[in-house]
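Student: Work out the full structure: start from the sequences and follow the hints.
Taken in order, these protein sequences are the chains called R and L.
Every position in the first sequence, counted from 1, becomes a number in my numbering once 3 is added.
Every position in the second sequence, counted from 1, becomes a number in my numbering once 71 is added.
There could be a bad hint or two in this list.
Reference excerpt, derived from the structure (chain L facing chain R, CB under 7 Å, subset only) [as the list claims (entries may be wrong)]: (1) S73; (2) T277; (3) I282; (4) K439.
Taking lysine to aspartate or glutamate and the EDC-like style, the derived pairs with C-alpha atoms no more than 16 Å apart in a straight line are [said to hold, decoys possible]: (5) L:K439 / R:E75; (6) L:K439 / R:D73; (7) L:K438 / R:D73.
No lab work stands behind these hints, which were simulated from the structure alone.
Ideal placement from N, C-alpha and C gives every residue a C-beta, glycine not left out.
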Amino acid sequence: MPVIDAQHLSRRFGDLVAVRDVSMQVEHGEIFGVLGANGAGKSTTLRMLVGIVTPTSGSATVVGHDVVADPEAVKRRIGYMTQRFSLYDDLTVFENLEFYAGLYGVPRARKRARLAEVLELRGLDPRRRQLTGTLSGGWKQRLALACATIHEPPLLFLDEPTAGVDPVSRRSFWESIHDLSAQGTTIVVTTHYMDEAERCHRLAFIFRGSVLDTGTPQEVVDRRGLSIVEVHVGERTHDAARVLRADPRVDEVAPFGPRLRVATLDEDAETVTREVLGGVDGPGGLGIAVTDVRHVAPDVEDAFIAMVHEDARLHDEGAPPEPRA
Amino acid sequence: MSRLLAIAIKEMRQVRRDRMTLAMMIAIPLMQLLLFGYAINTDVRHIPTVVLDHDRSAASRDLVARMRATGFYDIVGAVRDYAEVTRAIRGGDAHVGLVIPPRFSADIARGVGSTAQIIVDGSDPLIVSNALSTAVAIAEVRSTELRVARLGRAGRDAVRVDPDILYNPELRSAVFIVPGLIGVLLTMTMVMFTSMAIARERERGTLEALIVSPIRSVELMVGKIVPYIVIGYVQMTVILVVGALVFDVPIRGSITLLYLLSFIFIAANLALGLVFSTFSKTQQQAMQLTFFFLLPNILLSGFMFPFDGMPRLAQWLGLALPLTHFLRIVRGITLAGASTGELIGQLVWLTSILGAFILLASLRFRKKLG
Ligand SMILES: Nc1ncnc2c1ncn2[C@@H]1O[C@H](COP(=O)(O)OP(=O)(O)OP(=O)(O)O)[C@@H](O)[C@H]1O
Ligand SMILES: [Mg+2]
Numbered sequence: 004m005p006v007i008d009a010q011h012l013s014r015r016f017g018d019l020v021a022v023r024d025v026s027m028q029v030e031h032g033e034i035f036g037v038l039g040a041n042g043a044g045k046s047t048t049l050r051m052l053v054g055i056v057t058p059t060s061g062s063a064t065v066v067g068h069d070v071v072a073d074p075e076a077v078k079r080r081i082g083y084m085t086q087r088f089s090l091y092d093d094l095t096v097f098e099n100l101e102f103y104a105g106l107y108g109v110p111r112a113r114k115r116a117r118l119a120e121v122l123e124l125r126g127l128d129p130r131r132r133q134l135t136g137t138l139s140g141g142w143k144q145r146l147a148l149a150c151a152t153i154h155e156p157p158l159l160f161l162d163e164p165t166a167g168v169d170p171v172s173r174r175s176f177w178e179s180i181h182d183l184s185a186q187g188t189t190i191v192v193t194t195h196y197m198d199e200a201e202r203c204h205r206l207a208f209i210f211r212g213s214v215l216d217t218g219t220p221q222e223v224v225d226r227r228g229l230s231i232v233e234v235h236v237g238e239r240t241h242d243a244a245r246v247l248r249a250d251p252r253v254d255e256v257a258p259f260g261p262r263l264r265v266a267t268l269d270e271d272a273e274t275v276t277r278e279v280l281g282g283v284d285g286p287g288g289l290g291i292a293v294t295d296v297r298h299v300a301p302d303v304e305d306a307f308i309a310m311v312h313e314d315a316r317l318h319d320e321g322a323p324p325e326p327r328a
Numbered sequence: 072m073s074r075l076l077a078i079a080i081k082e083m084r085q086v087r088r089d090r091m092t093l094a095m096m097i098a099i100p101l102m103q104l105l106l107f108g109y110a111i112n113t114d115v116r117h118i119p120t121v122v123l124d125h126d127r128s129a130a131s132r133d134l135v136a137r138m139r140a141t142g143f144y145d146i147v148g149a150v151r152d153y154a155e156v157t158r159a160i161r162g163g164d165a166h167v168g169l170v171i172p173p174r175f176s177a178d179i180a181r182g183v184g185s186t187a188q189i190i191v192d193g194s195d196p197l198i199v200s201n202a203l204s205t206a207v208a209i210a211e212v213r214s215t216e217l218r219v220a221r222l223g224r225a226g227r228d229a230v231r232v233d234p235d236i237l238y239n240p241e242l243r244s245a246v247f248i249v250p251g252l253i254g255v256l257l258t259m260t261m262v263m264f265t266s267m268a269i270a271r272e273r274e275r276g277t278l279e280a281l282i283v284s285p286i287r288s289v290e291l292m293v294g295k296i297v298p299y300i301v302i303g304y305v306q307m308t309v310i311l312v313v314g315a316l317v318f319d320v321p322i323r324g325s326i327t328l329l330y331l332l333s334f335i336f337i338a339a340n341l342a343l344g345l346v347f348s349t350f351s352k353t354q355q356q357a358m359q360l361t362f363f364f365l366l367p368n369i370l371l372s373g374f375m376f377p378f379d380g381m382p383r384l385a386q387w388l389g390l391a392l393p394l395t396h397f398l399r400i401v402r403g404i405t406l407a408g409a410s411t412g413e414l415i416g417q418l419v420w421l422t423s424i425l426g427a428f429i430l431l432a433s434l435r436f437r438k439k440l441g
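Tutor: Spelled out as structure tokens, the structure:
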């Protein structure tokens with residue numbers, strides 16, 4: 004039985020549908036990434052799964068309990084790191100940890116050892132007496148993780164845990180996540196960093212409240228049937244980009260310094276690019292010479308943008324292309 | 072229990088670090104007490120008084136001395152005729168004129184009695200009532216003393232009248248106001264601090280982590296109240312001590328009983344603050360609600376106006392306020408030395424109100440964001 008089994012979850016706020024018909028299954032021990040732009044509905048989805056936002060429709064079973072019928076049973080067995088920093092600035096590092104230990108009912112006999120263990124594990128021991136408000140972003144985030152895991156929950160929710168944190172801290176944070184996962188903790192993490200998405204076991208892409216696709220990063224990328232090349236087109240990059248975009252086989256064209264990055268669906272990007280820009284006698288060709296062709300393996304970010312375009316074509320509403328992160 | 076304790080300890084640590092709030096918790100009651108206490112003290116005591124003594128005898132001088140001794144009348148001068156009395160009052164030099172008739176001592180000696188006249192500036196009703204009642208009391212005391220003395224000479228010891236009972240020092244309003252002030256100040260500060268306590272968590276974004284924890288609403292509510300009960304007691308002690316030292320406010324009954332019963336009153340106000348906080352999105356809204364609530368407390372509880380003189384509807388509203396019942400308790404214990412048995416009604420009322428507030432707060436507080 005999956006640790007999380009969400010069926011057709013929806014949530015409206017007035018006229019706004021924040022989450023639309025989201026279904027997902029998360030298996031034991033997985034790192035499950037929820038990927039999406041700002042306002043996509045990631046936090047709302049998580050909040051429904053932890054029992055603090057009631058779904059408008061749909062249902063979810065989390066760690067064996069129904070989140071609508073018995074949210075308190077769910078709350079006892081999970082850890083949750085909120086998107087907005089939610090520790091007390093006017094308490095010290097140790098006091099915050101102690102508070103969470105009490106809040107989650109860590110038994111008295113176990114408490115002292117567990118506090119020492121977590122302080123040690125997250126490297127917080129030298130700062131235990133420091134006021135939390137004076138910690139830097141990276142340290143605050145470590146403390147937040149420590150607090151969310153003080154009671155050793157089998158399931159951990161992390162809502163954009165690395166937002167506004169420097170790359171070094173982000174890297175060490177993801178090491179912690181993998182360590183927790185290796186010890187058997189199931190982890191659900193939201194992000195809009197694509198490099199982080201690739202470190203997850205499986206992903207769900209949320210766009211405007213709907214899940215566009217779910218699977219391992221590799222599966223999700225492969226399913227798009229993307230082919231990508233980076234080419235040199237001389238001086239006329241602007242004209243070249245214009246005609247390429249006009250071709251239905253081309254999914255995305257982006258200038259990369261002096262080069263153009265061309266992504267196509269279901270056909271080889273090099274063939275399409277050469278054909279469109281072609282020689283003087285090519286069909287509609289501008290006679291732009293295509294040189295220095297490099298094939299690039301599509302990544303999660305490419306897949307995400309392709310999916311957004313797919314969705315726009317499907318709903319025929321011409322969604323603006325997502326800016327690259 | 073561990074969860075309740077965690078909340079209480081956390082709250083206590085936060086209060087301790089918040090020097091500003093802590094200072095306010097002591098400074099506010101102290102300032103209010105001195106303001107109220109002194110304003111009332113100086114206004115109603117030391118009323119400037121002129122004397123028109125037609126008799127100029129030992130008996131008339133004795134009467135004037137007695138009046139001065141009460142502390143209500145400051146004898147600011149002697150005048151020669153009625154016109155001067157009127158002029159002194161109109162000019163604001165005096166609020167009271169005492170006129171002693173020509174045959175004052177002779178009539179008293181003969182046992183037929185004599186009537187002194189009190190002329191009072193009617194522009195301030197507070198002065199009128201105090202000046203008159205004090206004067207009447209003095210006259211009664213003096214008469215009783217004379218009568219007792221005469222009876223004693225006649226050898227009729229069986230009739231004993233204790234003149235001390237007749238003189239009523241409680242006319243000094245500070246004595247009446249200060250214990251009431253304990254209730255008003257506790258209402259204000261206690262409701263305010265807890266009403267802001269949950270709104271603060273909401274504003275700072277810490278509420279989401281709280282409601283996602285397994286804590287029960289009641290545990291959260293009670294845990295938030297506990298540290299402030301201690302503060303409430305500190306405030307109460309400050310007022311009682313300063314009241315006793317500066318304004319001679321007596322405590323006739325049991326202090327222990329007062330502290331025990333105050334527990335329920337303080338807790339009820341804190342619980343009400345929590346109810347308010349479930350209605351407020353921000354700390355500012357919580358503060359506004361508190362001040363909005365304070366007004367009926369001052370008007371309907373019997374703090375300003377006698378409860379029995381209020382219209383029926385106002386009395387019913389007043390009964391729902393914890394302050395109404397606490398005023399009876401605190402005045403009863405400090406001024407009249409009331410015992411537990413006499414206060415049982417108030418105790419039942421306060422306990423019911425406390426229970427209702429805690430229930431309401433726990434029911435209204437949803438562990439949900441939307
Ligand atoms: N309590 C609420 N009341 C009204 N609207 C809400 C509420 N919570 C969220 N929304 C709206 O629902 C939509 C989805 O919000 P949500 O916070 O779930 O997005 P998100 O993917 O987490 O975005 P971000 O990356 O910015 O955190 C947004 O348009 C947001 O404004
Ligand atoms: Mg979010």
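Student: Decide, hint by hint, whether the structure agrees.
Tutor: Hint check results:
Against a cut-off of 7 Å between C-beta atoms, the interface hint on S73 (chain L) holds, since the closest Cβ of chain R lies about 5 Å away. Proximity of T277 (chain L) to chain R holds as hinted, the smallest CB-CB distance being about 5 Å (cut-off 7 Å). The interface hint given for I282 (chain L) is met, as the beta carbon of that residue sits about 5 Å from the closest beta carbon of chain R, less than 7 Å. Restraint check, K439 (chain L) versus chain R: the minimum CB separation of about 6 Å is within 7 Å; hint holds.
For the suggested pair K439 (chain L) and E75 (chain R), the alpha carbons sit about 11 Å apart, so the restraint of at most 16 Å is met. A C-alpha spacing of about 13 Å is found between K439 (chain L) and D73 (chain R), which places the hinted pair at or below 16 Å, so the restraint holds. Only pairs whose Cα atoms come within 16 Å are accepted, and K438 (chain L) paired with D73 (chain R) is accepted, the gap being roughly 12 Å.
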